[in-house]
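Asks: Single-letter residue listing:
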Amino acid sequence: MKYKRNILFIISIIVVFLLYNEPFYNYWFYNRILVPDDHGDIFYQVQHLDKEERREFRFGDSYIFYRDLLNQFKEHNVQNITLLLPPNEYVHKMNFDALIIPEPAVFYYFTGVNAVTKSSPDVRSANWALVAANGKVWMNRLRTRPQLDSLLALYKPYKD
Amino acid sequence: MNFAGLLYLLIVHYLCGSGVLRLFKLQLNPVPAFCFSLMLGVPLLSFVPCILQLLHIPITRQSVFIAIDVFTAIFGLPLLINFKCPRFPEIVFPKFYEWPILIVCLFLLLVSVWRCFYLPPYSRDMLSGPELLAEYAVREKTMISSVFTVDLSTSNNYFKSPFITCLQIIYKLVVFPFGQLWLSILSVSFTLWLFTVLRDRLHPVLAGLLLLLFLIIPELYAYTYMVLYDYSNMVFFFCGYYFLTRYVESNRFNDFAFSIFLFGLATYIRTETLVLITIIMPLLVFYYYRKRLPFQKAIYNLGIFFIIPAAFWFLNIHIFIRQFIPIHFDVSQSLNPNLGNISVFFQRLQEISTRLIFSQTGILDYGWYFFLFCAILLMDIIWQRRFNRESLIALYGIAVVYFGLGFIGYLLPLADLENTTKRGLFKALPLMLIYLSNSGFLLRFSDLICKWEKLKQ
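Keeping their order, the protein sequence lines are chains A and B. Under the working numbering, the first residue of the first sequence carries the number 269, and numbering increases by one thereafter. Under the working numbering, the first residue of the second sequence carries the number 211, and numbering increases by one thereafter.
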């Protein structure tokens, strides 16, 4: 009996070994489970338990950018903001490939700031704009109607 | 992380679930009963913030604690009334030859639980829907929060069931700001229970191997730590179907009633499950016909089989969503305006086969799982030509999911192939596992191993 159980034990190990070496599962296991890069490695993660750090890792550079943006608003004590976000296609055309413009709901989740896009029903309520041009991204206070109109005209051909 | 809070919720989930199990007077072994108690406790507790909101009570940590305690006391009543000394299971450790496969399974579960704890909710469907609503419900102590002042025109995710929103609220308040750990409770209990089901039928090595093949389905595994509706929906739909199979086998009404309750929970999580439940009904009609059940009783049973999940659907759409989402919602607007064109249905069926299953995408999403299932099914058809009742019922269930998803795609244009249908296919995966555990070929192979193992030298 014991001899047969030893054989079954060896068979179990062989089965695991074969599955691990099957090319598809091997790729999946190595790249999705073991994840040999820094951030995906459990041992690295155990050392980095700060909530903000975990959010940065998960949501990426755009999240860090929007969080800094929020901090600037806070520093200057700006309130009642409705921020006009540029379309993704436009931002990428301006060579900011790493910057992903989220939809207003997700932007609100990240920052607590109300945002609109060019296709939002209440786009006219925008009083701030995130502007990307000439290799820079900055925030602009929209004081007059023509400022908003010119931005909307600029964004019109681009997809959100 | 608040470990005491997590322990408290684990106990509360268990007590609520045990109470429901006692109410249905089910005959389960201790390990499946334990798993089911934990699994059932998860959706039951999700009603707590809904009730607080309906009663206009602010959603604070204190009010949630009190409501959970009251809820547990109510669901725990059947335990108190019919108190029995708990039956501690005789601990049977897996045999040593099972360990190589089980260690890999345990490792995968551990990674899943860790990621569920470590990573914040990520998917777009969550961030623009339940997670957003939960986050601001916690901050503003109400589910009707400032979120509804934001432009929500880009998504309809806030119109989905409050199941995730409410669990996220509870876990954010009691355990950790990312919530989510309820999903690990569900996935670990479900996996453990599946292993007991497989081990009942097959040799432990084969059972372990099938469980491992199920666990390493890449798309399904990802949703054991990434919160969305589909994994939870799969769990309760499958459990409902499992108890329906038990009912057809044993004719115990309690199994039938419990199955309906589980289908109700699945409908509460994803409302379109009601379509699949309707397609399951011919199985019952056939069963009653074969059993020569009196017409009136058959109609009564079929009636409650549909009405209870429909009541969960009504509760979701007409009470929770209507009360908690201050935006007009018209179900009819999401229906296909051109229902006369049934080619959409057949096209969706074709796309499921050619684009989702038997394609490069299919391999990336589901690994070799579908191919393994088809290979063993073919072997059973060609070689064994023996199908027991349970395997036939499982095959019917797989067909229900396949045709049902095609029909949902035809009925609701928003149910797209790449997301809704792809994740909807999860419901077929454990059914395939049940088929495999009843496959003539695998049963015979399992018998051979068992006999060989027990043969004296």
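It is worth saying that the hints were derived from the structure and are not from the lab. Incorrect hints may appear among the rest.
[What the hints assert, rightly or not] Calculated lysine-lysine pairs in the DSBU-like style (CA-CA distance at most 30 Å, straight line):
(1) B/K664 x A/K319
(2) A/K319 x A/K270
(3) A/K272 x B/K664
(4) B/K305 x B/K661
(5) B/K664 x A/K270
(6) B/K305 x A/K272
(7) A/K404 x A/K427
(8) A/K361 x A/K386
(9) B/K235 x B/K664
(10) A/K319 x A/K272
(11) A/K424 x A/K404
(12) B/K501 x B/K235
(13) A/K386 x A/K342
(14) A/K342 x A/K319
(15) B/K351 x A/K272
(16) B/K351 x A/K342
(17) A/K361 x A/K404
(18) A/K386 x A/K404
(19) A/K427 x A/K361
(20) A/K361 x A/K272
(21) A/K270 x B/K661
(22) A/K272 x A/K342
(23) B/K501 x A/K270
(24) B/K305 x B/K664
[Said to hold, decoys possible] Restraint-style ranges between C-beta atoms, simulated for each label pair:
(25) B/D279 x A/D365: 46 to 54 Å
(26) A/N348 x B/L217: 40 to 48 Å
(27) B/T571 x A/H360: 39 to 47 Å
(28) A/V405 x B/R349: 27 to 35 Å
(29) B/Y218 x A/G403: 52 to 60 Å
(30) A/K342 x B/W309: 51 to 59 Å
(31) A/D428 x B/Y510: 46 to 54 Å
(32) A/G308 x B/D657: 40 to 48 Å
(33) A/H360 x B/R334: 36 to 44 Å
(34) B/P536 x A/N339: 28 to 36 Å
(35) B/A521 x A/A401: 54 to 62 Å
(36) B/I514 x A/Q340: 58 to 66 Å
[Claimed, not checked] Far from chain B by the CB rule (all over 10 Å, computed), these chain A residues:
(37) R273
(38) N274
(39) I279
(40) P304
Just so you know, even glycine gets a beta-carbon here, dropped at the ideal spot from N, CA and C.
Asks: Going through the earlier hints one by one, which of them does the structure break, listed in rising order?
Replies: 1, 2, 9, 10, 15, 20, 22, 23, 27, 33, 37, 38 and 39
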